Every structure is written in structure tokens, then in C-alpha cells.
Amino acid sequence: MFLTFLTFLPLVGAIVLAFMPKENEGMIKQTAVGFAAADFLLSLQLWFDFDNTTHQMQFEYSTSWISSWGISYHVGIDGISLLLFVMTTFLTLISIIASWEVKKSIREYMMAMLALSTGMLGVFISLDLFLFYVFWEFQLVPMYIIIGVWGGPRRIYAAIKFFLYTAVGSLLMLVAIIWIYFIIKEQTGVTTTDLVFITEHLDVSLDTQKWLFLAFFLAFAIKVPMFPFHTWLPDAHVEAPTAGSVILAGVLLKMGTYGFFRFNLPLFPYASNEFVPVIAWLSIIGIIYGALVSLVQEDLKKLVAYSSVSHLGFVMLGTFAFNHYGMQGALLQNINHGISTGALFLLVGMIYDRRHTRLISEFGGLSKQMPKYAICFMIVALSSIGLPGMNGFVGEFLILLGIFQVDGMYAALATSGVIFAACYILWMFQRVMFQELKNPKNMNLPDMNLREMITMVPLIILIFWIGLYPKPFMKTFDASVSHLITKVDPGNFKPKQIKEHHAALIQQEDLALLNKKLQGKEK
Amino acid sequence: MFLYAWLILLLPLLGFIGLSWYGDKIPKKFAGYLGCATVGLSFLVSVAALIDLLALEADKRLGHVATLYQWVSSGTFQLNLSILIDPLSVFMFLIVTGVGFVIHVYSIGYMDEDPEFSRFFSYLNLFIFSMLLLVAAADFFFLIVGWAFVGLASYLLIGFWREKTSAVLAARKAFVMNVIGDVGMVIAAFVIFDAFGSINFVDVFAAAPDKFRANDDTVLLITLLLLVGAFAKSAQIPLHTWLPDAMEGPTPVSALIHAATMVTAGVYLVARCHVLYELAPYTMYFIAATGVITAVFAGSIGMVQYDIKRVIAYSTMSQLGYMFLAMGIGVFSLGMFHLMTHAFFKALLFLAAGSVIHGLNGEQDIRKMGGLKSVMPLTHITFLIGALCLAGFPLTSGFFSKEAIILSSWHAEMGNFVFLGIAVITAGMTAFYIFRVYFYTFIGKQRNTDAHPHESPFIMAAPLLILSFFALVMGFAAPAVDAFLSPVFGREMVHYHDSFLETIAVLAGLGGIVTAGLIYLTSQDKLEFAKQAFAPIYDLVYNKYYVDEIYDFLIVKPVRAIGGFFEEKAEREGIDRAVDEVGAGVRQVSYGISLWQSGKVRSYALNMIVGVVTVLLFVVFF
Chain A
1 MFLTFLTFLP LVGAIVLAFM PKENEGMIKQ TAVGFAAADF LLSLQLWFDF
51 DNTTHQMQFE YSTSWISSWG ISYHVGIDGI SLLLFVMTTF LTLISIIASW
101 EVKKSIREYM MAMLALSTGM LGVFISLDLF LFYVFWEFQL VPMYIIIGVW
151 GGPRRIYAAI KFFLYTAVGS LLMLVAIIWI YFIIKEQTGV TTTDLVFITE
201 HLDVSLDTQK WLFLAFFLAF AIKVPMFPFH TWLPDAHVEA PTAGSVILAG
251 VLLKMGTYGF FRFNLPLFPY ASNEFVPVIA WLSIIGIIYG ALVSLVQEDL
301 KKLVAYSSVS HLGFVMLGTF AFNHYGMQGA LLQNINHGIS TGALFLLVGM
351 IYDRRHTRLI SEFGGLSKQM PKYAICFMIV ALSSIGLPGM NGFVGEFLIL
401 LGIFQVDGMY AALATSGVIF AACYILWMFQ RVMFQELKNP KNMNLPDMNL
451 REMITMVPLI ILIFWIGLYP KPFMKTFDAS VSHLITKVDP GNFKPKQIKE
501 HHAALIQQED LALLNKKLQG KEK
Chain B
1 MFLYAWLILL LPLLGFIGLS WYGDKIPKKF AGYLGCATVG LSFLVSVAAL
51 IDLLALEADK RLGHVATLYQ WVSSGTFQLN LSILIDPLSV FMFLIVTGVG
101 FVIHVYSIGY MDEDPEFSRF FSYLNLFIFS MLLLVAAADF FFLIVGWAFV
151 GLASYLLIGF WREKTSAVLA ARKAFVMNVI GDVGMVIAAF VIFDAFGSIN
201 FVDVFAAAPD KFRANDDTVL LITLLLLVGA FAKSAQIPLH TWLPDAMEGP
251 TPVSALIHAA TMVTAGVYLV ARCHVLYELA PYTMYFIAAT GVITAVFAGS
301 IGMVQYDIKR VIAYSTMSQL GYMFLAMGIG VFSLGMFHLM THAFFKALLF
351 LAAGSVIHGL NGEQDIRKMG GLKSVMPLTH ITFLIGALCL AGFPLTSGFF
401 SKEAIILSSW HAEMGNFVFL GIAVITAGMT AFYIFRVYFY TFIGKQRNTD
451 AHPHESPFIM AAPLLILSFF ALVMGFAAPA VDAFLSPVFG REMVHYHDSF
501 LETIAVLAGL GGIVTAGLIY LTSQDKLEFA KQAFAPIYDL VYNKYYVDEI
551 YDFLIVKPVR AIGGFFEEKA EREGIDRAVD EVGAGVRQVS YGISLWQSGK
601 VRSYALNMIV GVVTVLLFVV FF
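Residue numbers (the working numbering), protein chains in the order written: chain A, 1 to 523; chain B, 1 to 622.
In case anyone wonders, no lab produced these hints; they're calculated from the structure. Heads up, a few of these hints could be off.
Derived DEER-like restraints, expressed as beta-carbon distance ranges [claimed, not checked]:
id, chain 1, residue 1, chain 2, residue 2, range
1, B, 561, A, 164, 50 to 58 Å
2, A, 469, B, 60, 53 to 61 Å
3, B, 194, A, 26, 57 to 65 Å
4, B, 620, A, 66, 24 to 32 Å
5, A, 494, B, 620, 34 to 42 Å
6, A, 449, B, 568, 37 to 45 Å
In this text, all values refer to a predicted model and were calculated from it rather than measured experimentally. Don't be surprised by glycine CBs; every beta carbon is placed ideally from N, CA and C.
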């Protein structure tokens, strides 16, 4: 029940806010912060009580929901979702504090933020396909509203684009879910959408796996976003208010990578293996493409948005390495990206609040005017580049190590993304922070205030903590990743090595027979 | 037993953290003293480590690993936070902290008027920490960490004057070049992990000789990938272009980073991994060739530059070329010895040049200097000592170390006539360009009469004197250094004696000095005439063989163009447009469908009838 409580606490907060007088902005903000903070602090309890040694679901709760269809309310977390859950409550808190200066209908804004939080948390705890789908769709609505109402000048276009992209992907996912529902019914006679049960019992041929994989893939790939499904992201980021961007980068994108870990890999391991080259190449293209396009951006937010495309490419690459390093690295990099990119969006938001522009050319020499800001920006920028001692490096290193074991070529190509990252981040940083302060509009910019420091400092602490001592974070993934690898290990799907002199004797028919046998074994 | 050696690293780190947090709040003087003190103490601890190490028997000095805690563990990939103490790392500790300390002291005087004095010292401490981490690392992972930190510190220090665009650009260039190197190293680490199942130095080097035959593909791959890192840090062709630009930083930075320590990281790397390199003679050959080419390439550019710091920067590149030549032909301890003597005399040259620049209020063009001999006597004499060492004048430290490499380039197993020839020619060039600077700067009449040069304060002069002393006498320490390092490299170096070659090398150096004197002490007409006569070659060399322009044309511009192309064509017009078109298409279709729902009962009835008829026909006929 604890999980359920944590998940719905923000929604309760939103409902409480609805009954508050609109005029009392101070109280509204404080209440919102109060709920978010309570949710975050309580969610830490999960981490403390979490048992790192098992891959089993923990804090599980299950009760029948729509019993005639076998739909249950089944929630729980394991190593894959734990940190994502905690990060969601954490970033919600940070974004709410960062939204202090929102002027337009603050009550509704805070309600949307809190409702969004419930939607996202629900996605990470759902262990029932139908329940998952409900949450997956549910979180779209508040995000849509946040972009569409509190966004920039082209907010409507961006919001609709965001909504349509995601909705199209998730429709196919719904079809796949229904398909699975019938397969399970046929195979086991049980009518259920329970994920744990389905993961254990689903047994379909490679062809069916492929189709189902693709349906889920589309939903998640759009969310990640993988090249070429990424074009909603820059628009959404540019138009979204600062907090919206933080949540978008920090949590919403992670729902995509999480989906691969939770659904695609365990449900369709054979198909996942078959698709490794496709996904690896798409990821690599995404890494390089995202970086190259970042290089020429004039708008700070767009630059960060495209850098996300590049960074998430690394996460996908690690996920599909199917070995310990790659997958642990991917899960860690998920968290890292949330922290670093979230921080970058906060920083961009800060100068946007002051200058109401995000064009790089409008700035220059800010470091003298805003020394605290300069230090924070530098730390975050370097963490985004993946400098050792900071969070990004550990994740990237493990991912590259993992993918290197699959194919050295992939790793070699992907590393070019690291070089490009250094180029575009430093170039941007230099143009904004260094050189002479020429623009008179920047002469009197105030440095970061206390509230802004409060949003920034925890992120910076995390950047160094993960960089210097990642073990507490890595530990949580360990058992779940090991278990997942037993399922998706490429060795499971390759014919056993045949000794060379035998191989020469085996005729075409024998091979076919062998294949048949192997496929039988799979079943 | 060497756990205390962590202090060597931690002291500068504490200095960095303390100064960056409280630097603004404490008095300026104190910030400077604090910065020096951490490095000075670190030096003393290094000396203690040296004494402890010497107390052990020679064969027990290797492989002492001091572990703090387990840093990361993922599957079989386990990594401890540990440092390796052996003669090689202690040797580097001593150079880094020793020369580093002297330069810190000098900086108190040099940066005196800078408003961001404490920030400078915090960066310097960060750099010392990073470099120490690099040389102390007990595995490839922390080697890479230190490697990247050094790149960062260098970025911060080159771009220290952050309002100066050229400095900021130079800093970025250095960082990006170094990241290219880092990437090479990271991939190398992956290959090593793949091949050995470990990235600990001790494990890898112990296993390597049994695992691979000479010139095995894997070993070649590993050594070449490591070289990408080494060449990037040590400014060897083709990753050298950042070093001359890095002179945009304050002069102590040039002395510390771009002469004495950071740039030697590549040489250190080859020495550290000598077990692997000895298994890859092809790579060794490649190193030697690159080294010798870089030596002559940089030397030739140095002969025609007018910026005093740039000349010395090119000479650094050129001397690093010598070190790589030594590494490549397998005389590792000679390379390390040259690394040490070079650290002294090059730091000295930079600091003396800094003293000149300081005295002339920031002037760096040697054409506007002259006659400083009488105004800045101490600077003059110390610069002269540095120049003599660099030129390999007999009995100075540079003489011993360079001579040994030149002799080996012929006598060593892999030595050959080409290496020898280029090494000797470069020796001549070296003597020429440094004395060209010397004559321009200190001899003759003062060219710019507006300037009012003055001798530097004691706090800057003292470091010059200390470095001069070591630059003069350390040559005689050659046998001691060799004996100390020999357990690491597993053998004593053969010392070649060949009075003929020695004489030639000395003559090359002296010839360079004399030529410089003849040209720059007599009338300038001949110089102009020579320039005219060799105009095409002169332009080529003066413009640094257009390498920057070539990179710009071949890499920078195309990459940006591709990025722009993607942004323009794929992002705005391609994918986005396609999506919008689909959206518009859907709207069209739904508009078409909505025509059916006209709200007219008559047309609904018609539709119904058509429908019913169709269904009936279908049922009847199929």
C-alpha cells in the first residue's frame, strides 16, 4: 500500500489545491511544495528498505480491479524502477520550487504538476499491462496542458505534436497489449493482464515476438526519443516552461527506456536479440546526428534538447548490449541524464527569466556578472560532457564497455558522440559565459538567488556523488539486471557451437532439422 | 605501507577545494601561500616516499598498491580507488611537485596584479592534483580519469583570462584535442579489458608477455589506441595544434603545464606501458618516426616565429619529439631522463621569458625587445643558462640527456641513419632558434624606446635561480636516475660511447648558436635578403605548414556544414515536414469523411440502402 500511497499523494495534493482560494498564491505554492517534499522524503524510505539482493518485485500490492477481464491493480518496484521512482519525486519537488515565478493561474499550474507526478509514478510501478496503459495515457494530459497553457509562443503546435506523437505510439501498444491478452488466454486459459504472470508464461514464436516487439518499440522509441522519432522533442522543449522541460527530460523520456527494460526485453527476448543491429544503428545515428545538430543551434534550449537525443542514444545502446556493463550503465545513465539535463534546463530557465531570450548570441561574458551561476553552469556542462569524477562518465564508460563487447565498431562510432559533446557544450558555454560582456542588457543581471540555489545545489551534489561513489546507486540495479540478462542473453538464442570438422559434414537438411529442434527447445 | 602516499594527491586537492570555496574570503597573499604550501608539502611527502622506496631492495620496489575503497563493481568489472607506488610514479611525483612548487612560488609574483589571484591558485592546485592522479593511477581507469582531469585543468588555465577571446578559443581547442585523446584511451582500455579481463597495471603487464606474441594484432591495436591519447597530450603530429595556441594562458601556466608536466604525460604513458610496447615493435617504430618528425617539424617552425612564448612552445614540441624518439627505440630511461632535465630547463626558459614579459608589461614580440641584458641582469643570465641547456651545450643537463638519445638513435637496436640524421639536424635547429630569441631579446639595442623594462621582484627571481641550479647540475645525476628506474624497465640501459657522434652533435649545437649570432648580431639586410630568397618555404614554415587551416578545411567546416545541413534539410524540411504532411493528410481524409455526415436525413437513408444492398449481394453471391 505504501507505493500506492506515494503514487497518489501528489494527486491528493492537486485535489486539495483545487479547493484553495485562487488569490492566495503563497499558500498554493507552499502547499504544492509541501506535498512534493513529503512525497520525495517518504519515497526515500523505499530506497532504504529496498532489498538489493533480489530481482523480485518489492513493496508489491495486488487487488482485483475489473475482474471479468482479469485486470488487476498490481503494483511493485524492483531494481529497474526504484531509482526512477525516487528521481521522479525528487525532480517534481525541484521543478515545483523552480516554478515559483509562474504568473499565470498558479493554482492550476501546480495542480497539473502534481497530477503529472502521479501519472509518472504510476507508470513506474504498474505491474499490470492495462494499468500501465492507463497511467501511460494519463500522464500525457497534464503535460499536454502544461506545454499548451504555460508554454512559449508556439505552444499549441508543440503541445499537439507532443500529444499526437505519443498517442500514435501508444495506440499500437494498446493493440499489442490486447493481442498478448488473447495469446495468454489461449495458451494458459487464464484471463489476465498481470505483467508478472505474463512475463513468466508468454511463449510465442519468433515472428509473433517480432510484431509485438515492434508495436511496443514504436511507443517507447517515440518517448525516448530515438532517431528518427525525435522531432517532437525540440519543439516540446523549446515551448515548455522551465519546469516542464525538466520533467520532460528528467522523467518522461526515461519512461521510454524504462519500457524497454520492463516490456520489450523480458517479454520478447528472442525478437530483442534479432533487432539488436537495427537498434544499435539507430542509436548510433541518433548519437551522432543529435550531436551534429546541437552544434549549429542558436537557441539554448534547442541545443540541450538535441543533446538529449544524443545522450539517450547512449542509453539505448547500453540497454541493447545485453551484458552487465551495458545494461547497468544504461540504467545509471538514465538517472544521470535526468540530473544533468534537468540541471541544464533549470540553468537555461534562469537566464530566460532574466532576459526573456534564449538566443546564444544575446549573451556573452556572463561569468563576470554572475559568478555563482557560472560555477554551477560549468559543473553541469562538464557533467554533461561526461568528465570523470562526475556522474556522466561512469554511465558512459560502462555503456561503451558493454557495447564494445558486442561490437567494437559500435563503440568506436559511439565515442565520437563524446568528442562532439565536448565541442557543442564548450562552444555554447564559451559564447554564453566567457569573452567580453558586450550586450548592455546583460550588464545588470542579478546572480542566482537563494531559491535558485536551492534547486541547483542538490543536483550538483548528486553529480559529484554519483561520479565519485556510484556504488549505492549501482547496487540497486544489480540483481534485476542479472536476472534480465539470463533471459535476453544472446547465447540463449544461438545454435550451440558445432565443432568444425562436424560442421563440414552436416548437410543442409541436418541444419534445418537442428534449427527445428532448437526452436522446439525454446518452447 | 604506502597508504600515506595518498597525501601526495590529497593535499593539492584540498588546496583546490579550499581555495575555490574560500579563496575570495581570505587575504590574497594567504591564498597564494596556501596554494604553494599544499604543493610544497606534497613534494615533501614524495621525498618521504622516495626514501622509503630506496630503503627497499631494488627488486622489491615494484607494484606497491595503496587502496582506499572499492569504487565501482559491475559484474566482473571491479575497480578500487588505488594508487601504484613504484620508482616510475615516485620519479614523476618528484618532478611534478618539485617543479610545480617552484612555479607556484613564481606565480605569486607574476600574478600579483591579477584580480582573480586566488582562482588562479585553485586551478593550479587542481592541475597538480590531476597530474599526480594521472601518474599515480594503478589501473587504466584512473589513468583515464587523471588524463581527463589534466585536460580540464589545462582548459581552465589556458582560458584563465576568460574575457580574451583568443584565450577562450585556445582553451577550447586544447580541451577538444585532449578529448580526442581521451576517447582513444577509453577504447584502448576496453580492448585491454577484453583481452586481459582486468585493467590493473599489475595484472595486465604480468600477463601480457605470455599472452601475446610480438606484433600480435591486439597488442598493436592497444598500443596504437593508447598512442592517440599520448600524442594528444604530448602534442605530437597530428594532434599538436593546441600546444602553441595554449600560450594564450598566463606564463606560469605555460611553464607548468605546457613544458614541465602535462605534456610529458604521453611519454610517461609509453614508459608505464613499456611491457605492451615492447611486444609491439611496429608501434615502437611508429613512435620513433613520429617523434623524430615532430622534432624537426616543430624545430623548423620555431626558427621563424616572433612570439617569445611560441618559440619556446615549439621547442617543447620538438623536445617531446626527442623523448618519443627515445621511447620508440626502446631506451626508456633515457627518455625519462630527458623528460626530467627538460622539465627543469624548459620551466626555467618559460619563467625567464615570463620575467621578460612581466618586465615589458606584457610584450611578447621579440622584434620589440632588445638590450635587456643590462636592465634585467638576473633574467638574462638565467635565460642564458636555460638556452645553453636546451642547445645541448657541453656539461649542461640538456647536453647529457640529448646526447644520450642522439647516440642511441644510431646505436640502439632499432636505431638507424635517418633517425640519427634528423636528430642531429634538429639539435642544430634547436640551438639556432633559442639563441635567435636570446640575441633578439637580450643583446643589441632596445628596439622599443617607449618601454621601461625593469627587473622582476625577488619572489620571481628566486625560482629562476633554483631552476638554473638544477638545470645546470642535474645532468650529472644520469647514472642515479638510470639505476633508480632500471627495476621498472627490467634492465640497465646500455650507455653508448662514440666520440665521433658526440662531437658531431656538439658541433651541431654550437653551429646553431654561431649561425644565430652571425645572422642576428650583424646587419639585418642579409636577413631580409634570405627571407626574400626563400620566400615560399619561409611562408610555409612561418604559417606552421598551414596545419590549422587544413584541419579547418577538412574537419571543422565540413562537420559544421553537415550539422547545418541536417538542421536545415532533415529537421526542418524532412522529418518535421513529413509529419506535418501526414497530419494535414489525416485532416483531409477526415474532412472527406465528415462530408458523409452531412446531417441530411435523405443522404443517410441513401447510404443505408446502398449499404444494405451491398451486404445482401455479398451474402448471396459468396
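TODO: Note whether the CB distance of residue 620 of chain B and residue 66 of chain A lies within 24 to 32 Å or breaks it.
DONE: violated, 42 Å
Task: Supplied distance hint 50 to 58 Å, evaluated on CB atoms of residue 561 of chain B and residue 164 of chain A - done: violated, 32 Å
Task: Range hint 37 to 45 Å (beta carbons of residue 449 of chain A and residue 568 of chain B) holds or violated - done: 39 Å Cβ-Cβ, so the 37 to 45 Å window holds.
- [ ] Could you say whether the range 34 to 42 Å given as a hint is met by the Cβ separation of residue 494 of chain A and residue 620 of chain B?
- [x] For residue 620 of chain B against residue 494 of chain A, whose Cβ atoms are near 55 Å apart, the range 34 to 42 Å is violated.
Task: Consistency of beta-carbon spacing, residue 60 of chain B to residue 469 of chain A, with hint 53 to 61 Å - done: violated, 33 Å
- [ ] Mind checking the hinted window 57 to 65 Å against the Cβ distance between residue 194 of chain B and residue 26 of chain A?
- [x] Holds: the Cβ-Cβ distance is about 59 Å, inside 57 to 65 Å.
Figure legend: structure checked against the earlier numbered hints; hints not met, in rising order: 1, 2, 4 and 5.
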